[in-house]
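Protein sequence lines, in the order shown, are assigned to chains A and B. Its first residue numbered 34, the first sequence is counted upward by one per residue in my numbering. Its first residue numbered 261, the second sequence is counted upward by one per residue in my numbering.
Incorrect hints may have been included.
Stated by the list, open to error - With a Cα cut of at most 25 Å, we get these calculated SDA-like pairs of lysine to any residue: (1) A:70 to B:330; (2) A:91 to A:71; (3) A:131 to B:277; (4) B:302 to A:60.
What the hints contain is simulated information worked out from the structure, not anything from laboratory work.
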Amino acid sequence: GENVEQHPSTLSVQEGDSAVIKCTYSDSASNYFPWYKQELGKGPQLIIDIRSNVGEKKDQRIAVTLNKTAKHFSLHITETQPEDSAVYFCAGNTGGFKTIFGAGTRLFVKA
Amino acid sequence: EPEVTQTPSHQVTQMGQEVILRCVPISNHLYFYWYRQILGQKVEFLVSFYNNEISEKSEIFDDQFSVERPDGSNFTLKIRSTKLEDSAMYFCASSEGHLIGGQPQHFGDGTRLSIL
Numbered sequence: 034g035e036n037v038e039q040h041p042s043t044l045s046v047q048e049g050d051s052a053v054i055k056c057t058y059s060d061s062a063s064n065y066f067p068w069y070k071q072e073l074g075k076g077p078q079l080i081i082d083i084r085s086n087v088g089e090k091k092d093q094r095i096a097v098t099l100n101k102t103a104k105h106f107s108l109h110i111t112e113t114q115p116e117d118s119a120v121y122f123c124a125g126n127t128g129g130f131k132t133i134f135g136a137g138t139r140l141f142v143k144a
Numbered sequence: 261e262p263e264v265t266q267t268p269s270h271q272v273t274q275m276g277q278e279v280i281l282r283c284v285p286i287s288n289h290l291y292f293y294w295y296r297q298i299l300g301q302k303v304e305f306l307v308s309f310y311n312n313e314i315s316e317k318s319e320i321f322d323d324q325f326s327v328e329r330p331d332g333s334n335f336t337l338k339i340r341s342t343k344l345e346d347s348a349m350y351f352c353a354s355s356e357g358h359l360i361g362g363q364p365q366h367f368g369d370g371t372r373l374s375i376l
């Protein structure tokens, strides 16, 4: 079945710097890749997603890139702010109902 | 903005007891999901539900688990005889539809289940 690996597990950046989180997936049939942000005591919140027919997608300070050949995708956050501090999860879906999550990255943005 | 609501926020239960976790999905959504997150670990898929039946389930979702949509608004997860290892945060999610290739899922804030 699908497996999604995510790294780093912890990332600390200075406010205003960029943050990059990387994920790899195992099933070449995966074709939908959402990213979730989870704040303390809250459920995962979808922040951006990308489908396999697209190589890059941007939404303001957030962008996601997908390399289907290498089976990896990345989240890029530019101009980080303290409120970006949270746990970020990547995930993969093969078109069925099951979404497989990565292990998460705890992002600290230092003011 | 519409949201998924879950009750209770925290449930404490004795081992071996039955527990029911409740969710109210977003009203026009048709697909419903349960996930589990053991403390400090990844979010794990349990089950998906559509048109009053299970559409997919994981190996975690064994005979001790069941789901139900008892009326037009609630979606429940029942654990028949709880074990210590069932202690986790349980998230309900819903999506508007199901496209080939996945559909954005909206999550509730979870129920923390503690088994004593």
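Given the hinted pair residue 302 of chain B and residue 60 of chain A, is their Cα-Cα distance within 25 Å?
The hint holds at about 18 Å.
Does residue 71 of chain A sit within 25 Å of residue 91 of chain A, going by the straight-line distance between their CA atoms?
holds, 20 Å
Between residue 70 of chain A and residue 330 of chain B, is the straight-line Cα distance small enough, at 25 Å or below?
With Cα atoms ~31 Å apart, residue 70 of chain A and residue 330 of chain B exceed 25 Å; violated.
Could you grab the alpha-carbon distance between residue 131 of chain A and residue 277 of chain B and see if it respects the 25 Å cut-off?
Violated, at roughly 28 Å.
The structure fails to meet hints 1, 3 from the earlier list, while all remaining hints are met.
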